[in-house]
Every structure is written in structure tokens, then in C-alpha cells.
Amino acid sequence: MKQLLLLLFFVPLLGGATAAPHLAPIRGVVRDETGQPLAAVTVTIKGSQTATRTDANGRFSLEARTGDVLVFSYVGHASREVRISGNDDLSIELAGNNRSLNEVVVTALGIRRSEKSLTYSTQQISGNELTTVKSDNLMNSLNGKIAGVTIAPSASGIGGSAKVILRGNRSTTGNNQPLYVIDGVPMSNQGNNFMQPGSSTYGGNPEGGDGISNLNPEDIESMTVLKGASAAALYGSQAANGVIVINTKKGRAGRTVINVNSSASIDKNAYTPQFQNNYGQTNPTAVDSWGGKITGAHDNLKDFFRTGSNLTNALSLSGGTDAAQTYFSYTNTTAKGVEPTNQLSRNNFNFHETAKFFSNKLTVDGNVNYITQKLENSPAIGFYSNPLTGLYLFPRGKDLLPYKNQFELPPVSGGNGAPTQNWPFQEDVQQNPWWVINRNTNENTRNRILVNVSLKYEVTPWLSLQARGNVDRTNDVGDQKYYAGTLAPLASHTGNGNWNGFDHTLQQQYGDFLAIFNLPVTSDFKVDGVIGSSISDNVTSGITWGPSAQQGYGLFFPNLFTIQNIEVAPAINNGTSGAVASNATTLQPYHSQVQSVFGNANISYKNWAFLTLSGRNDWSSNLAFTADNHYFYPSAGLSFLVNQMVSLPQVISYAKVRGTYSQVGNTVGQYQTNPVNTASGSSTVLNTAAPSSLKPEKTKAYELGADLRFLGDNLSVSFTWYKSNTYNQDISIVPLPASGYATENINAGNIQNKGIEFTVGYNMINHRNFSWNTSINGSKNVNTVIDIDSKDGVNLVDLTPGNGNFDNYVAKGGSYGDLYVQTLQKDASGRLVLISDGSTNYLPVQGGGELNGFSKVGNPNPKFQLGWNNSFTYHNFSLNFLVDGKFGGQVISVMQGMLDYYGVSKVSGQARDQGYVKIRGVDENGKDVSQIDPKNWYRNIGGRNAILGEYVYSATVVRLREVALGYTLPVSGAVKSLRLSLTGRNLVFFHRSAPYDPELTSSTDNKLGGVDVFNLPTARSFGLKLNVTF
Amino acid sequence: MSIQHILSIRRVIRSTNTIALSIALIAGLGGCTKKFESFNTDPTGIQNKDLQVNTLFMPLEQELMYMTDDGYQIAQNLNADIYCGYAMPPQTFGKAVDNANYVFVDGWNQEGYNSVYTNLLGPIKNQLANSGVQTSNPDYWAIALIVEVEGIDRVTDKFGPVPYSKVGTSLVTVPYDSQQSIYQQMFLQLDTAAANLQAYITANPGATPLANYDAIFGGDYTKWLKLANSLRLRLAMHLTKIDPATAKSQGERALSAPGGLLTDPSDDAAVLASQANGNDYNQITDSYGDNSMNASIQSIMVGYNDPRLPVYFLPDTDPGHTTEYTGIRIGCNIPPKPFYSGFSKYNYKTTFNVSAPEMLMTAAEVWFLKAEAALRGWAGAGTVQTDYETGIQVSMLQNGVAGAAAAYIGDAASKPINYVDYTDKDSVNYDTAVSKITIKWDPAATDEVKLERIITQKWLAMFPEGQEAWTEFRRTGYPKLFPVVTNSSGGTIDTKIQVRRLAYPQSEATVNPEGEKGGIQLLGGPDNGGTRLWWDVDKGNF
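Chains as they are written, first to last, in our numbering: chain A, 1 to 1030; chain B, 1 to 542.
Just so you know, the hints here were simulated from the structure itself, not pulled from any lab data. Please note that a few of the clues may not be correct.
Said to hold, decoys possible - Some, not all, of what chain B presents toward chain A, calculated at C-beta under 8 Å:
hint, residue
1, Cys32
2, Glu37
3, Phe39
4, Pro43
5, Ile46
6, Asn48
7, Pro59
8, Gly122
9, Val133
10, Ser170
11, Gln198
12, Tyr200
13, Gly206
14, Pro338
Ideal placement from N, C-alpha and C gives every residue a C-beta, glycine not left out.
For reference, chain A alone in the conformation it holds in the complex (with noise of 0.2 Å):
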């Protein structure tokens, strides 16, 4: 296999080494994009009589020199000139210029079709658009431009997981966003063992980004987005969620062409939260700012963020025969986040070789990713080592910059030699933010390799067969180090610090063996489609060390950061319980896999109607010790070319209606149907998982939509209603305490996701010197959940369990995720009720709530989703904008509480200035209370556990999101194109009422959605970018 490997890479390069200046034979093939080879296209060399026409296999050949232009012309397709450079055997791909007949969309199982027969939507991107305006997780390059796709960052600076949301949530506690297709293969999006935070506010963990993230969008040919189920029953249940089908790269036949591409781009804070400056500290020891008037409050946050950069250099080869292409490309990416310390390093090597065999029969193609990525101090999220705690809560009016230039004392005489940390306050939820970044580190190592490799066997010219295999391998060793001197909670009750981490390595692999067959039945009627299995396999091994709690134990010599010097429990005979703990502990092993049948029809007649009939059937091994361990789920699909079928006025040149049903199944978590008791040193402890039955997953999906293009195709319109709702979820609960049961798995819930989305794009001008091309897309998904198991008393999950003034909810009669918070007590008629201080003021009193304490505020989702993509070419130049909105939502900020709570905010400051908080109220005696004191007030309804109905804020946002103007230089020589193009990202906000971009995330799982907990500012970048090619 290596020796295979190593022929095909030199092939190529051999073809494409030498170069004659005199009259030569030039041979070579045509192809649409389809890679049928097209017949009687014309080719004539440029400026002369020399002409030919390509035979019924798109062949030609005529003689030439190197330097001649070829210009190949064709009727329904752009004419395409190609300067000879020394290939004498070129490969020509010619586009449709009509793209009613043409258009190709890559579809499930890396199937390339014709657009006009697919029977449901989808959105079709380039690498380009991708790469235009650079971001350092490329999934956030797609937001805004995609109908029906919620895309929301996580908070956690550069390296940032994504979370991707395609018509709405429907998984109450499963997952929730697409699936990831590389090349027809599944690809693991698992980030690493730091995982998402979890339910609490305190968080303290970081992140080290999602799979999807590791990649490198310069190797994206193209991206397309099938949105619903529909489009999916294929790929099996993942894709339930839609699927994002990523097509990389390939060599093309034809003269080698190096790529460079550079860029270079510096971040800021595009905001920050909004403090007073007209009073100072308490007192001289207090840790808040309710204390006199100052004047010429310091900048503390200036002395802290820097200019954040990203750095990314980018090679690629691409050249062959027409029996092997190659493709292969290096890439470096080096940025640093505005906050100090946080830094990523990213190379990229994708190798891609494409090789044709038995007279061209037989196609080998092979793809190797290999990617290695370090990510150092990626910020946490939540109150716990977040640096902007400290620095956003520190007194106003005082300088911070002491603590900036010395965050560490010298040893104290007496302690443990090593040396602590200089800050003045003893608060688990604040510490020096200089401290964190240097003394609580985390850094992430990620080493990934992904091997496709596929062979194609044409049996006769209606049938092909097609063997896959793809590794995808991911090793991530990550690690956290507490220093000593850091707060208690955090790091050890001996006070010499804590350190954890893990060794963890996951495993997909997946196989295929499919029949592609294409039977003309007759003149009529068509028949293709594809039959075949697949097995999937995942592999999850690896350990974690650590002190065995946090709180408890931790280093015994400070700052020695090995295993060894980990304190472990002491033995049963010394006062605590149980044997000896280890340090490391292996992670829970996980191992699953899925074995399938499918089957897929396309039924065509007289190329205007199309019917898709498919089918599935899964084995899943999370379903063992189940009644069935097998689930089958079936879909159907149905297309129409109203143009084809019958005359329609001249102005629309396409029109197209579709429909789809489809079902999508789904497995069970791994080890719900055998839960087994937890070994624990010396002890045993039972499980407390109530006994269950539980069923595979059932999603419901209907599509109807229509694609109409008018006026010469310069108009298209596009538009999809949809509605899915799933089914049997499998949700573990907590049930009544009573049962005795701490979780109960039950198959439950009706989730249903309803919208629309369309696009429209229209040409407004075309000239050859001066175009502008314009689109709108937008969405619109209604979510209810409809029940969760009200026969059986459940009507609600919590999301977020454990905290105590805000939960995420999946309620019946809800939405998914809706915000529930503790409210101030209102009487009848809306007045808050106020009760006595015991001096001359009141203080408000916490409401009852109408579920768990808490009220319903809002969803965090957004309602409606608008981006408006623009691009201007005039002669060299071009500019592209995109201006996006979400609107709808409601998020809360805990961040806000705090600040508030502290006397920091503006809007205590104002308050104070004035003298009061206007209020409507009402007291113990009934009387009308129009104003209370600020500080009753906000530090009644602020701080760590505020009453969040105070701190509510319409998540509606709008944005310039990208801008990018290019010029391309004129060239000559090896230099074939240069061009040149600034950019900038997240440029300017036109509405956010949010103290924060609401479109943030503190964890990309379906927590905590829509709550911002000292979250990181959302960046605005500037960047540079140079695009060159030889």
C-alpha cells in the first residue's frame, strides 16, 4: 500500500515535468461537471484557423505550441480558455452557463446529481465563500449565509467549538447538530476530553474546540448543506439532523498549479460590558464599589485584552494526468486570542490522490489528512480560572496595573516555598486575572489523522461498484494546571496546587460496499440509484489523572506537575473510607457500532418528473439486551420541472416543485439498556437507574418547496416549508425521589420543529466591467414541545440541573431550551412587592415562579434569521458584504448580575447619580413605592444567584458580518493570478440591547443556551489576505 501511495505521487509530477516550445501534439478530454465526457465540443487554438471537435468520448488532439491559448466552446456551456503549458494531455471540465439544466449538488453518499431531480432543498457553497473572510473555526464562515442554519460560537476565544443548529433542536438530550460528511464518509465532530461545560454557572473548564474546527477550509472544494432529514435517510440516524457534505480538493489533470495563499488578521474586543466611573470602593478592604465619588477612574481593561491575531499560510500542488491527479497541501495557522496566553498553533497536511486503472475502469482514490493542533489557555467559561471575573469586578477607581506587574509574591516565610498570589480579595469566584492566565493554564494537544480510501469498479457502463474505507483516529492529551497560590476551591486544601488532565484517543471507523446502477428502462423512463451496506465503529479509550476530588487533595509539593506527586485518599484505616485511590483512572470505555443495509431508487420520467424512493435498516449495538436490536426507516421523495412539463410564459426559466416525507431512527446511549453497578475501592455502589425499555428513536419529516428562476436565470427563488417531529427520545430523568431511582431512561417526548426558509438571488447587473449579485435568505423555525410523557407524569427535562436561579427547560407546551429564571413578586396588578429593610427603605421580595421556583423569560433561539450576502465586481476590484440578523430570543446575563451586585456597572452608577431606581412597587401598607435605593436594590436582585427576571435581554442582533474588497493584479510570467483583498469581520453591530453578543454560547451543547456567564467579547477582526497562484 505504501509503495502504491508513494507510485501515485510521482506519476503526476513526472507527467507534468517537461515543457517544448515547438509544434507538439496536444491531446486531451472534455468533461461537464457531472464528468460526462461531452462530444462535438469545438477547440480552436486562439488567434488562428487550428481547429477540432472532441469525439463521442469528449476526446481531441491537434497540434500546438506551448504559450497557445485553446479556447473550447460548446453550445449551453461558457467557453473556457487554457493556455498550454507543457501538458500534452489535458483534462477540461466546461461549466453550464445555463444552470437549469446543469446544476450538480454532491448528495448522500458522495453521489454526485443533478440538481433539477433532487426532491428536497438543499444549499450548495464553495470553498471560496469559506475562505473569503477567514475565521478560525470555519463552520462560523457559514453563518449568515445558509437559510435554516443556526450558527452560534462558543465563548471560549480562539479554537472555539461551533454549535450548528439545521431546523431547530428535536433531541431533548441527544445531539443536536449535523453530521459531518467528508468525501461520502461520516467524520467524528467530538471535541476533547475538557468537553462542554456543563450545566453550572461555575464552569471552570475549557474547551479545545470540535472536530469540524480542526480542518482547513483551503481544502474545501465545496460544501453542501442538506438540511432536513430527508435529504439524509442515507447516512443513517446521525443525519437526522441534517448533514453538512464537505467535498475536498482534488488534483486536477492538467498543468501543475501551486497556490499560495497568506493571511493575516488582528482581532479585538468588538465590545465590552459598560462600567461607571463615578464611585469608588466601599472601603479601603471592600471588594465592591458602593463607596464615594471618584473622578479619573483608571482603564483597567485596556492594561488586560490585547490585540488578538491569526496568521495562516497556506501551499497547495495540484496537477496530473488524466489517469492520476494529485492534490496536496500544507497549512499553518497561528493566532492568538485577545486574551493573553491564549494561543493557537494548527498544520494541516491533506494529500489526495485520484488514480484510474484497466482502461479507466477502475478508479483508486485516496485521501490523507493528518492535522496536529495545540491550543495553550483556552479561556473558561463560568466564574471559575475566567480572568474577566476579577478584572471586570475590581473596585472602580483603582489601579489594577500593580497586580498586572507583579500577579505573584515571593514565598511567605513559613509556607510551602513556593509562591502566592498577589490579589486582594478572598472570593472563589475572582482572582488576579494575571494569575489565571499564567498560573492556571490549560493547554491541548490534538493529533488527528483521517485516511479515506475508495475503489470504483465500472462492471458495465449501468453499474459500478464501490468499496470505502476511512479511518478517522484522534489522540488529545490536554491538561490543567493550578498552581500554587491559587484560590482553594480550585486548587488543594494543602495549598501546593492541583493538576488533571487526559490521554484520550477515539476511533471511528467506517465501511462501505455500495452498487451504483443507471438503467435506462426506456426512452422514458430512467432508473438509477444505489444499493449497500455499511458498517460504523467507534472506539473511545484513554485515562484522565487528577487528585480524586478537586476539593479534597491535590499536589504534594507545590508545582510539581507529574502523576506521582498527586496526593491520593488515604486508607480505610486512617479515617476515610476505601482502598487507596489511584491517581489515573481509565475513562469510561466506549465502544458502539452500527451495521446497515440500504437501499435508493431514482425514478425518472422524461427528465421532468422524479420520484426517490429509499430505505434503511440499522443494527445498533447500544441496542443489545433490547427486544430488537434493529430499526428500518423508510423515505420517498417527488420532483417536478413545471418548465419541462408544460410551456410557461417566456420570463421564468426554471421551476421546479418537490416534496419529501421521510422517518429517520435512532439508537440508544451507549450502556442505557445494562447499567451496572459502580466497583469504588473497596465498595460497591448499586445503581440507582430505574429498570427500562427502551425503543429506538423515531423522527417524522415532511418537506414541500419549490425552486423558480426567472428572467434568464438572473432571478431565483427558492422556498421550503418543513415540519419534523421526533419521537421515543430517549431521555433519562430524574424521577419522583420517592421511587428510589436517582435516573429513569424512558423513550418519550414529541418535539416538533415547523418553518420555512427561503433565498432569492438576483443578478442586478451584468456587465463585463461592472456586476453586482445580490441574495437574501432567511428562516423562520417554530419549536413546541408537544409532550414529553404526560401519560407517565413527565412533562418536563431539565437541561441545566443544579443551579439555582435559572434553568434551560424542555417543557411541555414549550419550546426547546426556554429560559426559566427566578422573578421578583409582583401583586395583581404587576407592582412589585417590597418589604421594609428595617430602616428607611425597602428591598424586593423573590416571586414564587410558576414551575420549580422559576418563570418562564423567554428561548434563547432565535425566531427569524435574515442575511443579506452582496458582492460588486468592477473591472480588478471586487467587494462582498454580508449583513445578518437574528431576531427574536431572549437571553440572560449572570454577568450583569454581578456587576451590578458589585457597584461596578453604568447603571449603578447612574443610579446613584440620580439617587434612586425607579420602581413600580408597593409596600407592606399598600402604599405606592416609586423609588428605591440603588444599593438595596441591586444588590437584592444582582450577583451570583441574581434574580435573573431582572437581567433578561432581547436576543435579537444585527450585524455587518463580513465585508472583504479584493483586487486582482494584473500578472505575467509564472506568476498565472495574484489578488489581493482586505477584509473585516463582525465590523459593525446595528442592533444588540444585549450587554453582550447574544449569539455567543457558553457551551455548544444544549446547555445553557442563551446564558452569559462573564463570556468572552465576540471579536472584530481585520485582516489582510494574498492569494497567489503559479
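Given the coordinates of chain A, assemble chain B onto it according to the supplied hints.
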């Protein structure tokens, strides 16, 4: 039919073989699911069929201190330990008012309710009871029953009527039992436990099959029998107001029970701290910095010049006060840390070091129970003065200050002192001592004074077990405790009478609404902190 057409049909037939082969391959892949069961079995766990019953006891016993969820702080410290006058957090938890001001933090209090069901009663009723252990190992079953009684007592004495007899019977609704019925059941469970243990000890003298798995007595069944009898005495005493007859009959039964009571510190029932988190008091005091001395215990211990003071607490650490023991008034206005951080903390350096076991019931408490029993004239209780003085001696012995006992017992002068808060410029928190009780036994005193003396000393000896201390405060009114400075309960709790119970977890209204409805009916009053429990009758002690 043209020749070409025929040819193409032949090609189709030839290809059919290939298709058949493909289908065979495809079908072959789909059917191999033999290994699925092994894939889906967690290799780090233990299957029910492989269980070794004796290894189950440690986590059940430790759950008495809420160790499974590491929940002691919210399950007990932030309610009972504060309300009984032992503890006070030196900080608020992000809000101006909370449990210390009688504004219940539901998320805290529900831990004291939920975790006992899910981690203690559930495993016993749903798993252990199904394993046939009642007949195969009646001695194990006895231990399980004692643990169960101690567990449910902690729940019912916080909340009142709660589910007990029907625990584990439904995932949808479980009815609440009246507190009277729960007490009856607890006595019955203790009957079975004591009988089983007695039989086993007689048949297998000296056998300790649970030696390596028992977090309380290292498998010593004679001590378990003493604990069962002592618990019976404790529970009987709870009923002196509501049902004096049962109190007396169960109490006398305990006093004369074969196997005896806890008498010596070597009998003390203490749970080994969990390996994962260490001693709970150590964790919440040292690691969290959340647990300091209450003004009430400061007033009494400092006033008595109590030799146990440095055992229980650490001196203040603020400059100028390092020789003082300083407590914090419950319900006072608490500025953010480090305002009260210097005030006296539980002694996490020695007594509550990270590996110290956690006390459930002491011999000293039993001596004071006997003293009250004697005072009430119960048969077999001995003489009240001897019981009282022995209680003090045993407590001093337990705390390593036995030498100071005699002088202490003879101290007829020392009295609780007034409370002063040196950080409080306006003296809002100041209060004169609420109790004037002295130490030395006075045979001539009234029964009421005698009872105050007994309970005050019992309370000092019982530290830091606030659950039982709070129960006894509610039953007897002793020791006299400082009231909350700011009562924010909105009138539901009387500052003078003080808090009587915890409200049911709000989640019960969603997960077990029918059950809770019945519970509130049985409670006989509104579901708030002002409603008295069944045994908490508003009348005199005698």
C-alpha cells in the same frame, strides 16, 4: 427485437451474477451482531449477578452524611447546623438573604430530601431487598434497617410527612406517610434489626463478616446492636410531647434492651469520611471557607470557658482578635468575603481534619438521653444527676479533655455571655445572652431548669451533629438560641419561635404532585417554615 437489443440483454444476464454477488456481500455485512452485547457492557462496572452483598454497605452508611453527592453543605449545614446554633457561613452565597434569613433556598434544602431517597432508601428497597438478603444474611439486613431508620429520621424531622412505606413502588406517584406512621415503622424496623443481630451474635460470637466494608463500626455487631437500642431511645424521646405513652414504653424498652446502649466513646457511631472528598466539615470549612462559628455556641462555650472550645473551633484570625473565639449572628447582614473570614471556624486543623470520621451518635448523647429519661421517671434510666455528669465526663473524654471534666462539672458560676460583634459599628448584631443556665447540677432546681441544663449540655456534647440538635431545640426549646437578626420570611416564620421545618422541595409539585398534596394535608398547615411538625407540640415540656 434487434440483434443489438439481444446482445445487451445477454450483458445484463452476465452482470446479474455480479449483482447477486454484491447482494450477498451486502447482506453478509448486515447480520453479524453477535458481539453487540459485549460492546454494550461497561467493563468498569459490576453486573447485578456478580454482586457481593457485603461490599454495598459503605456507600449506604456514608449517605447518612450525604456523601454520595458530596452534599452535606446544602443538605444539612446550611439548614440544621445553622438553625441549631452551631454554624454560620461567613458569607452569603451571592444573594442578600438566604436560609440564614429564613428565605429558603430550594436548591439547597432539596438535597436533604432527594439524596436520602435516591442514594440510601432506593438501593435498599429496590436492589438489596430484592436480593433475598433478608433470609440469606439476616445480619446484613439488620444493618441495612438501622441505616434506613437513621436515614429516614433525618428526612422526616426536617420536612414532616414524607414518603416512606411506599418508597420504590412507583415511578409516577408515591404517597406520603404521616410522621406518626413513620415513627411507628421506624420502631418496627429497629425491632427486626435488634432481633436479627442478637440472634447472629449468639450464634456466631465474635464474627465480623462486614469488617472491611462497614464505615461505622468496622463490622462489630455488638456496637450495631447498641446503636439500634440507642436510636430507639433517641426516637422515643422525640415523642415526649405528642405521645408520652409511646415515648415511655419505647424508651423503657431501649433502656432495658439486651445488648445495651452506647456508653463509652469507644462506642461512638462515626462514619468514615468519603475517600473522594474527605471529611465534610473540613471541606466546607477549609476548602470552601463557608463554615464558621455561630454566635449562640460562642455565647455559651466562651461563657462556660468550655475546655472543648479549642477542640471544636479555631480562634479568630483577624489582627487584634487572635486570642478570641468569635461567632456570627444568624441572619445578620453579611458583607462579601473577606469581611467575616477571620471569625472562628470549625477546627479543620485537628478535630475536623480531612480524614476525620463524621459523628452520627455519641455515647455522651445517650447519657443525656438517660438523664432526661430519669427526669421523666422512665424505668431503667438510673439517676438524673449521675447520668448528667457522666454525659459531661464522656464528652470530655471523647474530646481528649477528660482532665478538665471535674472542674467543669463543679462550675456553678459561669454563664453564657453577651454577644458582641467587633466589626459591627452600629451594634445591630449585639445581643444580651439569652440563656442564664449554669453547668453545675442543682438537684433543687425545677424540672424545667433541669431539662434546660440537660439539653444545653447534650447540645454541647453533640456538636457538630446539627440535625439532632435542631430536632431537640424544637422539641424542648433548649438551649436558648439567639434569634435571626433579619427575618425575611415574609411573616411565615416567627422570629421568637424560630424556624420549625423546611418546606418541601419545589420539584415535588412537578414530579410527585399527588403525593405532595397528601403530604401537605397530613402536615396540617401551610408548607412553610413556620408550621410545626407532628411531634413539635406547642406546649410545656412537662
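Now the hints, each set against the structure:
The beta carbon of Cys32 of chain B comes within 7 Å of a beta carbon in chain A, closer than 8 Å, and the hint placing it at the interface holds. Given the 8 Å rule on beta carbons, the hint for Glu37 of chain B holds: about 4 Å separates it from the nearest Cβ of chain A. Interface hint at Phe39 of chain B: satisfied, since its Cβ lies 4 Å from the closest Cβ of chain A, which is below the 8 Å cut-off. The restraint placing Pro43 of chain B at the interface with chain A holds, with a minimum CB-CB distance near 6 Å, inside the 8 Å limit.
A least Cβ separation of about 5 Å between Ile46 of chain B and chain A falls short of the 8 Å threshold, and the interface hint therefore holds. Contact between Asn48 of chain B and chain A, as hinted, is supported at the beta carbon level, the nearest pair being about 7 Å apart and thus within 8 Å. The interface hint given for Pro59 of chain B holds, since its Cβ lies 5 Å from the closest Cβ of chain A, which is under the 8 Å cut-off. The beta carbon of Gly122 of chain B comes within 3 Å of a beta carbon in chain A, closer than 8 Å, and the hint placing it at the interface holds.
Interface hint at Val133 of chain B: violated, since its Cβ lies 12 Å from the closest Cβ of chain A, which is beyond the 8 Å cut-off. The interface hint given for Ser170 of chain B holds, since its Cβ lies 6 Å from the closest Cβ of chain A, which is under the 8 Å cut-off. A least Cβ separation of about 26 Å between Gln198 of chain B and chain A goes past the 8 Å threshold, and the interface hint is therefore violated. Given hint, Tyr200 of chain B at the interface with chain A, is violated; its Cβ is 21 Å from that chain's nearest Cβ, farther than 8 Å.
Evaluation of the Gly206 of chain B hint against chain A yields a violated restraint, the C-beta minimum of about 20 Å exceeding 8 Å. Interface hint status for Pro338 of chain B: upheld, as the beta-carbon distance to the closest one in chain A is roughly 5 Å, under 8 Å.
Checked against the numbered hints listed earlier, the structure breaks hints 9, 11, 12 and 13; every other hint is satisfied.
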